[in-house]
Each structure stands twice: as structure tokens, then as C-alpha cells.
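Mind docking these for me? Both chains are given alone in their own frames, and the hints should help you get the complex.
Respectively, the protein sequence lines represent chains A and B. Numbered per my numbering, the first sequence spans residues 1 to 286. Numbered per my numbering, the second sequence spans residues 1 to 203.
Everything labelled a hint here was simulated from the structure, so no lab data went into it. There may be inaccurate statements among the hints.
As the list claims (entries may be wrong) - Subject to a maximum C-alpha distance of 25 angstroms in a straight line, what follows is the list of computed DMTMM-like cross-link-like pairs (lysine to aspartate or glutamate):
id : chain 1 : residue 1 : chain 2 : residue 2
1  : A       : Lys-64    : B       : Glu-66
2  : A       : Lys-51    : B       : Glu-57
3  : A       : Lys-51    : B       : Asp-62
4  : A       : Lys-51    : A       : Glu-34
5  : A       : Lys-64    : B       : Asp-38
6  : A       : Lys-64    : B       : Asp-123
7  : B       : Lys-60    : A       : Asp-44
8  : A       : Lys-51    : B       : Asp-85
9  : B       : Lys-196   : A       : Glu-34
10 : B       : Lys-42    : B       : Asp-62
11 : B       : Lys-60    : A       : Glu-147
12 : B       : Lys-60    : B       : Asp-38
13 : A       : Lys-64    : B       : Glu-57
14 : A       : Lys-137   : A       : Asp-224
15 : A       : Lys-64    : B       : Glu-146
16 : B       : Lys-60    : B       : Glu-89
17 : B       : Lys-196   : A       : Glu-101
18 : B       : Lys-60    : A       : Asp-224
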Amino acid sequence: MKILSQTPPPSGEGSTSDRLRDCALLILGHGSTENPDSSQPSWDHAETIAKSGRFGSVHCAFWKEEPSFRQIWPMIEEREIYVVPNFISEGYFTRQVLPRELELTGHTTSRDGRTVHYCDPVGVHPAMTGLLIKRAKEILDSSVRPEDTSLIIVGHGTDLNTHSTEAITAQVEAIRASGEPFARVLDAYMEEPPYIADWRTLTDSPHVVVVPFFISDALHSYQDIPVLLGIETEPTAAASQREVFRRNPYRFGERTLFYSSAIGTDPSLAEVIVDQVRYFDEHYRS
Amino acid sequence: MTLAGELESLLPAGTSLVFGQLRLCRRDDGSFEACHLDDAEKRESLEPIPSAPALRELAKFDAAGEYRPLKTAPTLRGGWITRCDEAAEFLRRLDAIYPGVFATWIAYAAGRHHPTSLRRTLDRQTGMYRRAGTITDGMARRLIRELCHIGCLRTITWPIHDDDPVARATASPGTLPMICTEACTLAVNAARTLAKEARAAGD
Ligand code: SF4
Numbered sequence: 001m002k003i004l005s006q007t008p009p010p011s012g013e014g015s016t017s018d019r020l021r022d023c024a025l026l027i028l029g030h031g032s033t034e035n036p037d038s039s040q041p042s043w044d045h046a047e048t049i050a051k052s053g054r055f056g057s058v059h060c061a062f063w064k065e066e067p068s069f070r071q072i073w074p075m076i077e078e079r080e081i082y083v084v085p086n087f088i089s090e091g092y093f094t095r096q097v098l099p100r101e102l103e104l105t106g107h108t109t110s111r112d113g114r115t116v117h118y119c120d121p122v123g124v125h126p127a128m129t130g131l132l133i134k135r136a137k138e139i140l141d142s143s144v145r146p147e148d149t150s151l152i153i154v155g156h157g158t159d160l161n162t163h164s165t166e167a168i169t170a171q172v173e174a175i176r177a178s179g180e181p182f183a184r185v186l187d188a189y190m191e192e193p194p195y196i197a198d199w200r201t202l203t204d205s206p207h208v209v210v211v212p213f214f215i216s217d218a219l220h221s222y223q224d225i226p227v228l229l230g231i232e233t234e235p236t237a238a239a240s241q242r243e244v245f246r247r248n249p250y251r252f253g254e255r256t257l258f259y260s261s262a263i264g265t266d267p268s269l270a271e272v273i274v275d276q277v278r279y280f281d282e283h284y285r286s
Numbered sequence: 001m002t003l004a005g006e007l008e009s010l011l012p013a014g015t016s017l018v019f020g021q022l023r024l025c026r027r028d029d030g031s032f033e034a035c036h037l038d039d040a041e042k043r044e045s046l047e048p049i050p051s052a053p054a055l056r057e058l059a060k061f062d063a064a065g066e067y068r069p070l071k072t073a074p075t076l077r078g079g080w081i082t083r084c085d086e087a088a089e090f091l092r093r094l095d096a097i098y099p100g101v102f103a104t105w106i107a108y109a110a111g112r113h114h115p116t117s118l119r120r121t122l123d124r125q126t127g128m129y130r131r132a133g134t135i136t137d138g139m140a141r142r143l144i145r146e147l148c149h150i151g152c153l154r155t156i157t158w159p160i161h162d163d164d165p166v167a168r169a170t171a172s173p174g175t176l177p178m179i180c181t182e183a184c185t186l187a188v189n190a191a192r193t194l195a196k197e198a199r200a201a202g203d
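Okay, chain B solo, but in the shape it has when bound (with noise of 0.2 angstroms):
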């Protein structure tokens, strides 16, 4: 099925589910709608974005104006709602605020998708970055603490080491799961940071 397909059938008409902070509704002219959780009950009030660019624009700045690197970000701002008929458009606006976090929650369901150990993301890295790998277990789950579980709303699918034992991810009703499958950008970065403090520190 394509991703367009799957959207429309999580998605039938007259539903509607949670995705991080938004609620996406699907009315029972089969057309849909997503706003932010915040605004799910003064819909008519709100300000609508009719396209992915646009919404791509508002997910780029929190309602302080501050950029946002990390779309998954706890800080989507709210006031807006964007309406359309088409699943596959309705798709591209979605992938506009979340990138890609639908299309991988669908390819890790079906089993295509495989996560990727922190070990290995780090260990792969070059050039600036070449020394993230040698954070400690204990850095990387003080990483994990205060970079995903505060500042994330996705659920981390990798474990620290290729080996180690990780619960698989699955939906709760009414709800389209966020999930991580690869240390993003953020997180080498940070690993990077932790490296460098322990090397400091031990001069």
C-alpha cells in the first residue's frame, strides 16, 4: 500500500488520533484536518495554512520565534489548522511539521525499517565528529536523559549496543506513534560535547 493508503486507513472517516502535538481529524466527508492538541476545540477560530511550504515556515520557529533544529521538539507552536481532501497532500503537510516520522513508523510497523545502534551511528562518524564514539554508557544515557526525553517527543527504538535488548515500539489506541530509530543530528552532537568535556577534564 502506498504511504498515502496506510495514512487513509489508520485515519477513517469521522476519527481522529494524536500525532506528538497534533490532532489530526478526518471528517465524515472523508476530507482532513489537523491543528495543534492545544486548539482541538476552537477549530473555527483558527488561522488556516493551506499548504506544506507554509507549514514547513511555522514548524521552523517556536511561538517565542526561536528556531526549532529539532522538529520533534516539545514546541510546536499553535493558532493554526490546516484542512485538505487529498490524503497524499495531507501527507506532504504532515511531513512538513514532522518529517518523516510517519513514513518510518509505517516501515518499522512492517518490519523494513530497522533501528540503528548508538554505538553505530557514533562510531561511523568522521571529521568533526570522529571522537563522539568514545562517550561512556554512562554519558550516553545521560544524553538520552536530557536531550530525548526531555526535548523529544519521539520514542527511542535503538539500543546503546547492537545487542543489547530493546522493547519494541507499538501504537496505543488513538494514536500515531513518533518513533526514533537513528541518533538524530542533535544527539552526535551532543555526544560530541560529552566526548570533549571528558577530555578536558581528564588533562
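Just chain A, same shape as in the assembly (with noise of 0.2 angstroms):
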């Protein structure tokens, strides 16, 4: 399956992918002083672009990690810089922190040498909606059939970020409407309603899908969501984690749950963030 936008590419496509072999690209994630899995994704990803020698150089900088925001300019050597914020939805990091802290002024900063290219962040790709039809797809057993089988995408709630809900009823709305066959397609939430505690009396169908629309695996779904949805009764130690995602089915009675790792962590993403890039140029740069 396809993810990407299908469109040809634009004419001069040479010349631009000869100009970004001479632009670094900058992953921006949020990172943890807690969980060591909250930045792997962005890790990943930075290393597949990486290695597709697209960009000059590809680097990642942390809020709560290192390389933080502030210690990254002396590491990168090119003159033009698209930053791609690996967030999942507009709000308050993408407007107010990582702006400020990187010291950006709007779509392009030219300061010091160096030119930046703000990108948006990798949640508001339309191509996300595609993803998590393709990772509810592929965790659900063959024999079970999507129309038996009802979608919930669940995200945080309450925080800082509205936005961050917002972006989830979009992606509801968005895989409602194209067409895919499950039973029933719906956002839950960790702290708000409706909320993913409830997925028994929230859906009717024999089986559920749920799809986390975080960044990574860290607290949140390798040991939050598992307790509200009861197919852990702890939050399991870091180190145990993975094991959430293997054991899938998880039985209910006569009803099946599938879990699904984050979304963020799909390989998909690296294609997702590179095409950030494009958008920018076509978009935004001046």
C-alpha cells in the first residue's frame, strides 16, 4: 500500500533533490529524563532518511533529552536546515516552545549564516490517516474482517494541547469517510470522555482495534492505555514493554482486542517526515 500522496512529482524534482543533498534535516522530539523509549522513534526515522542520502546530514534534538534544542546549532554544518517537528498534532510545542527555544521567527529564519525552514509538524500529514488504517489492518488476525471489527484511536486528553484532540476527531472523521469497512470508527481518550477505559461499552462489535496516536511507545501506551483497557493490570517495567504488543489477541468473553504500538513508531514515518519537506517548498518557501 501506498501511503504518500500519489501526485507526480513536480518538474525540476532533479534539481531539488540535488539542492537538500546540500541541507541537513532536523528531527525535533519531545524526549524524556524517564522513559529511554520516548526518542527511539525519531532515532529511527533520522537513520532511515539517513541512509537514503537525501539530505546532506540528519540530526534529532530533544526538549527533555540531549541533543536539546539549545545544543543543537553548533552540530549542524550546512547553511540551509529544514526542522521537522516529530509532534502529532499543531499546539502548544509546536507554536510556542520549540519556536522559542530553537529561536525561530515564522516559516523561514535567516540568522547567523543560516537559513531555517520551519516545517509542520508529521501528525497533520495527511497521510497519517492512512497509516493507522494500514496499522489497524495489519495487527488484526486474517480471519477477522474489518466489518466485525469496530477502530478506536485513542490520544491523551486534557493537556496542555488542545489541538492534540482536535487531531484526532480529524483523523476519526477522515477514515470514516474513506471508505474502509469497519463496524464502527471512534476517538477515545486516557483523560477525558469518551474515555478508552470504556471500549467495552463504547463499541458492540466482536472486535476492537486500538491505534494510539502518540509519537512513541513511552509511558503513555506501553503502560497506561494496557491498564485502562485491562489486558494489564500494572504498568509493566520498561524493559518488559514490548511484550503488550505480542500477546495480541487479548480475549474479552466472546469479544477480541487488538493493541496496536504508537503510530509514530511505523517505519511509514520517515517517508512522512521527508515529505514534510516537500510540502514546505511547496507551500512556504519563498
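Shown next as C-alpha cells:
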């Protein structure tokens, strides 16, 4: 399944890719001082993109890990830099924290001999809808029909960033509109209604598949959501967390539940990051 | 000069440098090697780690398996060695262990990267850290003593206030300095905790 847009490359594509080889790509993540898995997807996607040789260099920087947003500029030697926030939605981080810490003043900032392009976050890319659908279908057993399955996209809710809730409802609408034959598609949250803990009453289909709309399998999707779903009795330790995803499906009487890892861990996110650069060039580059 | 070029010239063939808890060596054939300082005498028996991602994974946890949120904490584990021929690749590997520390030093030494005072860092915080800037200078000094001096190998180059005098860091022979040019996330978080405690004590 091709995830990204099928539109043909714009004319002059060859020269664009030549130009990008002289540019750096900087991926921004949240990171964590407590959870070792939080920054891993950003590093994994950076590694994939670096291997493709499309940029002069590929870097990551984090709010809560090193290199920090404040340490990153001396590490980058290219004069033109594309910055892509590996965040799930527009909001407090992408509009306030990241521009402030990186000293960005708009779509493009020129300072100290550098030109920095600030792209949209990965979570708002139109390909995310297709990725959520792909992820949901991948983890269902081949014997399970989507028509007998409800798809729940789960988010945090009630945090600083109300846009994250809007981002999830927008995805749910888009999946419904896509004509995919799921019995129902709905949103649910950890800390506001509809609560993910109520998944049994929110849905009535024989099967339910839950995909977390998070960037990484950090505390929420490894530890908190499995407890809310009833597939773990208490938060598991970091090292054993991957087990949560290997034990699918979980049986609850006549019903089965399939639980996915966070959407941000999907390897296709590397392409989404690169596509945010292409989108920037087409829409914001003056 | 590129960062890789700087590294090559600071580490000519046949020499070595101490960098935090690392011993960096340039062999006579020009290739590079890094291992833990404690392991410098037993290089032949160490586990070779061949890539930056593998080193990043190694640097994530201490010997007891605890997560290391601060990469310049004095808790890097040993038992490994990494070798490569190219300076650019060697720098990538050093950055996997001590992210950005080499580049920070080069930019600082060249006068291209300037320290940010603690007040400036704390005062621009928002959200859950918005009150971190309410700590007193005494609390700031306590933070430096208890977090930075005990838990981190970097030398602080930032003042508490913009116009406080601060000594310029220099490289002592045989070492690559590890400097801190701005309070890190752990320091901002510690300031928030101290501010909270002070408010609770005042209530
Ligand atoms: S503020 Fe600087 S010196 Fe202090 S712990 Fe953080 S990195 Fe180390």
C-alpha cells in the first residue's frame, strides 16, 4: 500500500533533490528524562532518512533529552536547514516551545549565516489517515473481518494542547470518510470522555482494534493505556513493555481486543517526515 | 574547518585525549578508537561496538541498567570499544555517547557560541516550568552544587545573572573539555522543584 500522495513529482524534481543534498534535516522530538523509549522513533526515522542520502546530514534534537534544542545549532554544518517537528499535532509545543528554544521567527528564519525552514509537524500530514488504517489492518488476524471490528483511535486528552484532541477527531472523520469497512470508527482518550477505559461499552462489535495516536511508545501507550484497556493490571516495567504488543489478541469473553503500538513508531513515518519538507517547499518557500 | 577536520587536527596520529569518561586514541595508521577510561589498558578484550546507533543504545543505560537521562552524568558503562577510519564517522559515534559536546566546545572556543545565564533560561520558561525562575540565588547555587557538581562532568560556563563574571573555560593538555553553555532540562526541572518547595514552605 502506498501511503504518501500519488501526485507526480513537480517539474524540476531532479534539481530539488540535488539541492536537498546540501541541506540538513533536523527532526525535533519531545524525549523524556524518565522513559528510554521516548526518543527512539525519532532516531530510527533519522537513521532511515540518513541512509537514503537525500540530505547532507540528518540530526535529532529534543526538549527533554540530548542533544537539546539549545545545543543543536553548533552540530549542524549546512547553511540551509529543514526542521520537522516529530509531534502529533500543532499546538503549545510546535507554536511556542520549539520556535522559542530554536529562536525561529516564522516559516523561514535567517540568522548567523543560516537559513532555517520550519515545517509542519508530522501528525498533521494527510498520510497519517492511511497509516492509521494500515496499522489497524496489520495487527488484525487474517480471519477477522474489518466489518466485525471497531477501530478506536486513542489520545491523551485534557493536556496543555487541546489541538491534540482535534487532531484525533479529524483523523476519525477522515477514516470514516475513506469508506474503509470498519463496523465503527471512534475516538477515545485517557483523561477525558469518551474514556478509553470504557471501550467495552463504547463499542458493540465482536472485535476491537485500538491504535494510539502518539509519537512514541513511551509511558502512555506502553504502560497507562494497557491498564485502562484491562489487558494489564498494573503499569509494566520499561524493559518488558514490548510484550504488550506481542500478545494480541486479548480475549474478553466472546470479544477480542487488538492493541497496536503508537502510530509514530511505524517505519513509514520516515517518509512522512521527508514529505513535510517537500510540502514546505511547495507551500511556504519564498 | 569542518567539525570532523577539527577533530582530526586535535587528535593527530599516535596521540590520545581524555573526553569525559572516554579515552580517544588515534592510531599510527590514522584510524580512531574510543573506549571507557577505565578500560584503556585492556583494549584487546573489549566488545567492539561498530555503529553510532549501537553506542547510543549503550549510553542509554548505566551498568545497573538504569536509564541515563543526562548523557554527561559520570555513569557511562565500560567493557566496549569502538573503532573506525573516518573522522566524520568517529564524531557521529562520539555524539551518540556525548551528544553535541564536541561541537559545543569548538563553537565556544571559536567565539561563535555564547553561554546563556541561568536567569535568562529560567525566565523564558512557560507551561509547567513557568515558575522555575522564582528561585533565589541561594537555591540556584544549591542546584549547581547538588545537580551539576555531583551529577555531571560538564564545566559550567554560564553565570546565574547576565552580568555576573564567569571564568572562560580552557582546555587542559591531553583533554577535550566538556562544557555546559546553558542549563539543561534537568536543571530547569530541579529549579521548578525548588520553587515549588519554597512556595509550599511559605504557605
Ligand atoms: S545544567 Fe549543565 S552542568 Fe548542570 S547538570 Fe545540566 S548539563 Fe550538567
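Against the structure, the hints come out as follows:
Between the alpha carbons of Lys-64(A) and Glu-66(B) the distance comes to roughly 17 angstroms, so the proposed pair stays at or under 25 angstroms and holds. Between the alpha carbons of Lys-51(A) and Glu-57(B) the distance comes to roughly 19 angstroms, so the proposed pair stays at or under 25 angstroms and holds. Among the hinted pairs, Lys-51(A) with Asp-62(B) is inconsistent with the structure: their alpha-carbon atoms are about 29 angstroms apart, more than 25 angstroms. Between Lys-51(A) and Glu-34(A) the alpha-carbon distance is near 29 angstroms, which puts this suggested pair outside the 25 angstroms criterion.
Proposed proximity of Lys-64(A) and Asp-38(B) is contradicted: the alpha carbons are some 29 angstroms apart, above 25 angstroms. As the CA atoms of Lys-64(A) and Asp-123(B) are separated by approximately 18 angstroms, the hinted pair is consistent with the 25 angstroms bound. Taking the CA atoms of Lys-60(B) and Asp-44(A), the gap is near 15 angstroms; set against the 25 angstroms cutoff, the hint holds. Taking the CA atoms of Lys-51(A) and Asp-85(B), the gap is near 19 angstroms; set against the 25 angstroms cutoff, the hint holds.
About 20 angstroms separates the Cα atoms of Lys-196(B) and Glu-34(A), which keeps this hinted pair within 25 angstroms; it holds. Between Lys-42(B) and Asp-62(B) the CA atoms are separated by roughly 20 angstroms; this keeps the pair inside 25 angstroms, and the hint holds. In summary, the hint linking Lys-60(B) to Glu-147(A) is not supported, as the alpha carbons are separated by about 43 angstroms, beyond the 25 angstroms threshold. Our distance criterion of 25 angstroms between C-alpha atoms is met by Lys-60(B) and Asp-38(B), whose separation comes to about 19 angstroms.
Between Lys-64(A) and Glu-57(B) the alpha-carbon distance is near 17 angstroms, which keeps this suggested pair within the 25 angstroms criterion. A C-alpha spacing of about 23 angstroms is found between Lys-137(A) and Asp-224(A), which places the hinted pair at or below 25 angstroms, so the restraint holds. A C-alpha spacing of about 20 angstroms is found between Lys-64(A) and Glu-146(B), which places the hinted pair at or below 25 angstroms, so the restraint holds. For the suggested pair Lys-60(B) and Glu-89(B), the alpha carbons sit about 20 angstroms apart, so the restraint of at most 25 angstroms is met.
Among the hinted pairs, Lys-196(B) with Glu-101(A) is consistent with the structure: their alpha-carbon atoms are about 23 angstroms apart, no more than 25 angstroms. Distance restraint check for Lys-60(B) and Asp-224(A): the Cα-Cα separation of roughly 23 angstroms lies within the 25 angstroms cut-off, and the hinted pair is therefore satisfied.
Hints 3, 4, 5 and 11 from the earlier list are contradicted by this structure; the remaining hints agree with it.
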